[in-house]
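Protein chains in written order, with numbering that gives the first Met the number 0: chain G, 0 to 275; chain E, 0 to 493.
No wet-lab data here; the hints were simulated from the structure.
Each hint should be verified, as a subset may be incorrect.
Sample of chain E residues at the chain G side, in silico, Cβ under 7 Å [claimed, not checked]:
id, residue
1, A46
2, E242
3, E360
Some chain G residues flagged as far from chain E (calculated, every beta-carbon gap over 10 Å) [what the hints assert, rightly or not]:
id, residue
4, V20
5, V28
6, L77
7, G99
8, D111
9, L134
10, G154
11, A188
12, M233
13, L236
The beta carbon of each residue, even a glycine, is placed where N, CA and C say it ideally should be.
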Amino acid sequence: MSVLFHSRTLLPGLFLSLVFVAAALISLVWVPYDTTVLNIANRMKLPSWEHWLGTDQFGRDILSMIMVGARTSIAVALVAVGIGMSVGVPLGLAAAARKGGWLDEVIMRANDLVFAFPSLLIAVMITAVFGASALNAIIAIGIFNIPVFARLTRGAALSLWNRDYILAARVAGKGPARISMEHILPNVANLLIVQGTIQFSLGILAEAGLSYVGLGAQPPTASWGRMLADSQTMISLAPHLALFPGLAILLTVLGLNLMGDGLRDLLDPKLRRARV
Amino acid sequence: MRLGKVGTGLISALALSASMGLAHAKSDITVAMQLEPPHLDPTSAAAGAIDSVLYSNVFEGLTRFGSDGSILPGLAESWEISEDGKTYTFKLQSGVKFHDGTEMTAEDVKFSLDRARSDDSQNAQKALFTGIETVEVVNPQTVAVTLSAPNGSLLFNLAWGDAVIVAPESIENIKTNPIGTGAFRFSNWVQGDRIDLEKNADYWGTPAKLGNVTFKFISDPTAAFAAVMAEDVNAFVGFPAPENLPQFEADPRFQVLVGSTEGETILSTNNKLPPLDNVKVREAIAHAIDRQAIIDGAMFGYGTPIGTHFAPHNPDYVDLTANSAYDPELSKKLLAEAGYPDGFTTTLKLPPPSYARRGGEIIAAQLRAVGIETEISNLEWAQWLEQVFRGKDYGLTIVSHVEPMDIGIYARPDYYFQYDNPEFQKLFENLTAENDPEKRSELLKQAQEMLAKDYVNGYLFQLAFPTVANAKIQGLWVNQPTPAADMTAVYWEE
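Take the sequences, apply the hints, and build the full model.
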C-alpha cells in the first residue's frame, strides 16, 4: 500500500479520474435534472444553489449535462480502447511469435498503413460513409487504437522470447500460442495497462473533438464536445456555457495522464528496483 | 542592384495604391454574407446566394422589388394592360447598355423570357412564366407579353431574380462572367473567399454612390462575429448568430437592422410517410409545438409566429396561429384517436442553419413530451438537398422557405412535402387566373386556411433578417422581399 504514496502523480490522477467515473456511474441512476427536458425561460443562468454550474442555452442544468457527457465520453473511450486492445494485443503477440515470418510482415505493414493515416481523418471518413453517431465514433477511435497496442505488444514480447524461461517452456513442448498466452502476455500486461490509460485519455479527447465537429454522439445525447461547439457563439454572453465542459475535458484528461504516469512508476520493474 | 530597383518600384506602387485607397476609402464597401453562390447565373439555379450578390446590383428585370416588397419599375419605364388583362405592353428605358457595351433592346427581353420559359429551360422558378403565351417585339423600345389567361401576379413574377434580362451575346459564360445592365459590373470572383463588383460608369439610371463593392463569404457564425467585431467587414447581411445582436446594438460603432423576410420557417412533414400521412397525427404535432419557446430558444426572440405558409407583413395574411396553439394534452388525445396512444418514432433531419439545429433540439424535446420520439441527424446542405429535398427520404425537417409568395409549392404534389390535395390545386389554379385584387385576396386567404386546417407542415415562425453594419452606412435594405443585398443606393455618411 505504501507504494501508492511513493508516486506523486498517482493519487491526484486516480482521484480526478474517479470523480468523473463516479459522475458517469451516478448519472446512470440519477441526475439533478433531466437533460432531455428543455426550459427556455430559464436559460443561460449563472451558477446558483439550484443549478450548481448554471444552465445552458436551452435552460438545461449544466451539471447534469456534464454528468451525462462523462458517461458518453467514458463509454466511447472505454469501448474504443477495448477494441484496440482485443484486436491489437493478439496481433502483436502473433507477430512476435512469428518474428521475421510472413505473418509478422503482413501484420506490421498493415499496422504501418493505419498509423500512416491521420487518426482524425479516419474518423471523419468513417462517419462520412456510415453517418454520424456515437457508435461510429467508437469504431473510428477503436481502429486507430489497434496499431498502438499491436506495436507495443510485439516490441515487448520480442525481448521476452529470448528469455531462458521461454526456452524452458519450449523445451517442455509448449506451442507458440500457448507460450504467448501463458508466459508472454502476463509479462507485458503492466505495459498494456499504462498504455491503456493513456489511450483512454486520448480517446476522450478524440470523442470530444469528433462531437465538436458534429461527428460524434447526436442530440439529445449530451456530449462535452458538442456542448463546447454549441456554446462558442455565446462565449461573450455566457462564458460558463463553454467553461465547464472545457474544464471537464481538461481535468479528466489530466487525471488520466497523471494516473498513467503513476501506474508506470508503480508497475515498471526497473523503476521499482531503483526505488528500493 | 536590379532587385533593388524592382523593390523600390514595388514600394512606390504600394504607396500609391495605399494613398489611393485612403482617398477612396469612403466609396468602397466590404459586405459579408453567409453563403457563397455556386455560380453566377440567377436564371438557372434556385440558390438564393446568387441573387444576394447580383440582384439589382448587376442584373435587372422589367420590374423590381423595393426593400418594403413593393413592385417598382425596372428596365420597363412603364406598362399598359389590355382590357381583357391578357396583354401587357412594356415600354423600355432608353439608353440602357449591358456591361459589355451592347445595347439592351426589346430583342433581349424577348430572348430572356423565351429562354426562361422554354421546354429545356434550367430556370428554377419556371412556374413564374407558365402563363406567358408569346413575347413580341413591337419596336426596339417596346415589348408585348401575351398571356393565355389573365394573371394578376405577372408584374410581381417579373420582379424575381429568376426573371432578369440577359443578353444572347454573353449568355454562354454567364456562370463565371455575368453581364447585366445594373449599376455595378462584375469584376472578380475568388472562389471560396469573395466576389468584387465595381461601379458601372455608363449606368442608365441613378448612378451608384459606391465605387467598389466586395462581397465576402463567411459561413461560420463564430468567424462572422469576429469579422464584424474586428471591422474586417463593413456590413454583414443575414448575420447568422442572433445571440450576438444585443452586443452589437450596445456598441456605438455598429447599427443593427432587423427586417422581415419571406422566409416561412416550417417543420416540413413528409405527407406520404406513415403515420405522418394521417391528418390527426399532423394536428397532434402542431399542438405539441410551443412556437414562442422555439423563437426564444433558437432565435433569441427574433421572429414572428406564423400559423400557415404566408408572410405576416403581407396585407392578405390571416393570423391562424390559434388553430395550432400549444396544447400538449390535446396533442396526446389526438395521437390516441389516431391510434398511437404511445406515440411513434420518426426521423428529424436538420440542415446547418442555427434555426434548424437549435430549433430541432427544442422541437425534439417538445415532441418527446407528448410521446413522439425523433431520431435527429444533422446534415450538410448538399446531403439535405439530396436526401430530403430530392430523395424525400425523411419524416420531419426544419427549413426556411425564403422565396416570396411561394404558397404555390403546395399545389405541386411532387414537391418534397408530398402534399397532394386536388382541392388546393384547384384553388391555386383559380388564384393564378384571377386578376381582380379583391377576389385574389379572398382566394389567398382561403388557401392559407386550407393549409392550416390540413396541418400540412408545422408552421413555426417568420425568419427575421438581421443586418449588422457600420453605423455610418446608409441606404441598406432592411427587409428581404427577395434574397438580395442591393447596394445601388448605399453610401457612407460623412
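Checked hints:
no., hint, result
1, A46, "23 Å, violated"
2, E242, "5 Å, holds"
3, E360, "5 Å, holds"
4, V20, "28 Å, holds"
5, V28, "20 Å, holds"
6, L77, "24 Å, holds"
7, G99, "48 Å, holds"
8, D111, "33 Å, holds"
9, L134, "13 Å, holds"
10, G154, "41 Å, holds"
11, A188, "41 Å, holds"
12, M233, "5 Å, violated"
13, L236, "6 Å, violated"
Figure legend: structure checked against the earlier numbered hints; hints not met, in rising order: 1, 12 and 13.
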